[in-house]
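Student: Take the two lone chains and join them into the complex the hints point to.
First to last, the protein sequences are chains A and B.
Residue 208 is where the first sequence ends in the working numbering, and the numbering goes up by one at each step.
Residue 224 is where the second sequence ends in the working numbering, and the numbering goes up by one at each step.
Quick caveat, the hints were computed from the structure, so don't treat them as lab data.
Treat the hints loosely; a few may be bogus.
Here are the simulated lysine-lysine pairs, PhoX-like style, with alpha carbons at most 20 Å apart [as the list claims (entries may be wrong)]: (1) A:Lys203 / B:Lys150; (2) A:Lys60 / B:Lys200; (3) A:Lys107 / A:Lys121; (4) B:Lys200 / A:Lys182; (5) A:Lys74 / B:Lys175; (6) A:Lys158 / A:Lys121.
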Amino acid sequence: MSKVKVARKSTRIDMTAMSDVTVLLLTFFMLTSTFVKKEPVQVTTPASVSEIKIPETNILSILIDPKGKVFMSMDKQSDMINALDSVGNHYGVTFTEQEKSKFKLASTFGIPIKSMKAYLALKPDEQDKVLATYGIPTDSLNNEFKVWVQKARAINPELRIAIKADQKTPYKVIKDVMNSLQDLRENRYNLITALKNESAK
Amino acid sequence: MSEIQTSDSSGKKKGGSKQKKISVFVDFTPMVDMNMLLITFFMLCTSLSKPQTMEINMPSNDKKITEADRDAVKASQAITLVLAGGDSIFYYTGQPNYKDFNSLKLSSYKADGIRSFLLKRNTEAVAKINDLKEKKLQLKISLKQFTDQVSEIKGGKNTPVVIIKAADKATYKNLIDALDEMQICNIGKYVIDKITPGEMFLIRNYRTKGGLSQNAAK
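Okay, chain B solo, but in the shape it has when bound (with noise of 0.2 Å):
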């Protein structure tokens, strides 16, 4: 493949000089080849895209927090979502209605589902955020300006408490799913919580369109 040329016209007419000309091409296309191989190897074999992830935290387990904390929580009016089995989600408001069935209202991981009412209660600081959002884009304010506005805002007092409590049938992409509209609708204060049996209680007496509540008053 590769092959030297020599030449030894030069040499006759100049006389003197002994030297040779020797011109050297090499032949690339086997290297050509190989490089590729090499290629097509490691873009088969590499993770270009790093997979996103998602920050949380979690409460303590420590048992400081006791039932009164909670219900302080629950009384300041905290939007509980309840995450059930088959990709239904339920929420309540404040505390439970153990009596009437309709205080669980059933939504959807839909936009028109869970993510509107959410929205609806949290539209100042939705707004503000997006106002923060638009001039960044102007570049009026810097990233770090923008970032510690936006913590402060879903820190602010009058943005909802969210309570996210999920059955064991539910599956993991339920709960990604609904730690995503606190992302999508700017709720800064959310946490994850065990469920209750209160819970599942209302959920069943939802399901019997509150056959359970009546056989208790009963």
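So that you can see chain A by itself, here it is in the shape it has in the complex (with noise of 0.2 Å):
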């Protein structure tokens, strides 16, 4: 008469409460996140003991290689099309709509003005592996670079120009670069540094 149950026990686990858990995380991935720009160097970054964050917004980062390569890039794209504009009327080259479009896609430009046509007619696969070969020239006959913060200046007044050099790169290059801000009279800007933990002791 008395059969012996075997309790069934349900091995359905509720979803609802880990799902609850996992779409707040994503929420909060999501708007913390600020993401990562594609460079078309490897640059490594030398350590320093500032602590001082950078400004997300308006900022003009120079990118620096060990080469000695310049990059540059700018955060709103209504200011990059601007400034390719003012860069193009100042050495006679205009540019198309579609040209424009391409270019405020690139999240750095390195070019040299006269290539730049030829570039921007190239794939965006293909620019990524060209751009690294390029960089913007920095030298007193042809300062083209010179001109780039010139109009992105003009454009953003309140932009700000930082630094991104690798720790290897020679100062003969900084120097470059920092005389033809200091031409310009751009006597404030940022050094980008990673952190380094040391104290005087």
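Tutor: As structure tokens, this is what we get:
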């Protein structure tokens, strides 16, 4: 009569709570994240004890790789188009709407203005390959870098200049960049560094 | 995966009410899977740590600053750091002495190198600032008072003036290290200047142990 009943337990777990947690986490990451910008060259910044954080907006960042190639990037796409326009005007090169819309998508630019048209005609994956071999000319005969900074400043007066250079970059290149900035009376700028824990003892 | 169970047992008992009880159970497992994937994606693609930055003020390129002004600064026993290639750093105080190669001193970026020298020159300000830091930790003064007083001490009369000059062969890291030392040693008055042929001569003279100045004397 009395059979031993084996209690059947349901193996189902309620995933609702888990889902709540993951959605919360997802929201957090989406809101706090700033995407890593694609940079054409790998740059290791030197460490320093400075603890000032860099502001997020209105940054004109200057990227210098160990070989001394200079690249630039701006955080506002509208500024980038205007800068391309006015630099093009300066050198007598005009760009079509199509070329401009292609240009604004690039996160970092560093192409001599003469080769810019040919560069913008390339496909995006080809652009990435080619970009690392170029760089904005900074020498005194053909200082396109200076023009870029000057035009960018004219477009957005609130722009802050940040230099991000590799730790092995020779000072000669940094000097050229700093001299160009000095000529433009850009006497305040930021140097991007990594964090180092050290204090005077 | 998700299922809707219908039970019609209640309907038979009461007879009158035709309403069926529907228990809805939605399985959230795939939803969790998808969310986890998205979280992983966001975690890998974001840079949570913002890079640090150093703010510097460069002197303007005005030609108003003449040689005489530079000499006046030097005469006031300014410390000149010369960053040379191969991670070496030299320093001299006051006016350069081209005849004596020992006037230029070799130092290093390590803690017992240039830092101990600069700290020794700046003991008064360092002691005051450490005092202030202690007070700030004990919440005796506010952050604003702290920064105000620190900048006042750094700009004080007896603090040393440092001129940083880098040779073409020096790396960017050397420059940052030198600027770092300024911050560690609480030196408020420093400037990055162009290297002169005179300083290049001093370095070569040092490396040849005075050979160049002896030749010049002959």
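Student: Any hints from earlier that this structure breaks? Give me their numbers in increasing order, please.
Tutor: Per hint list: 1 and 2 violated.
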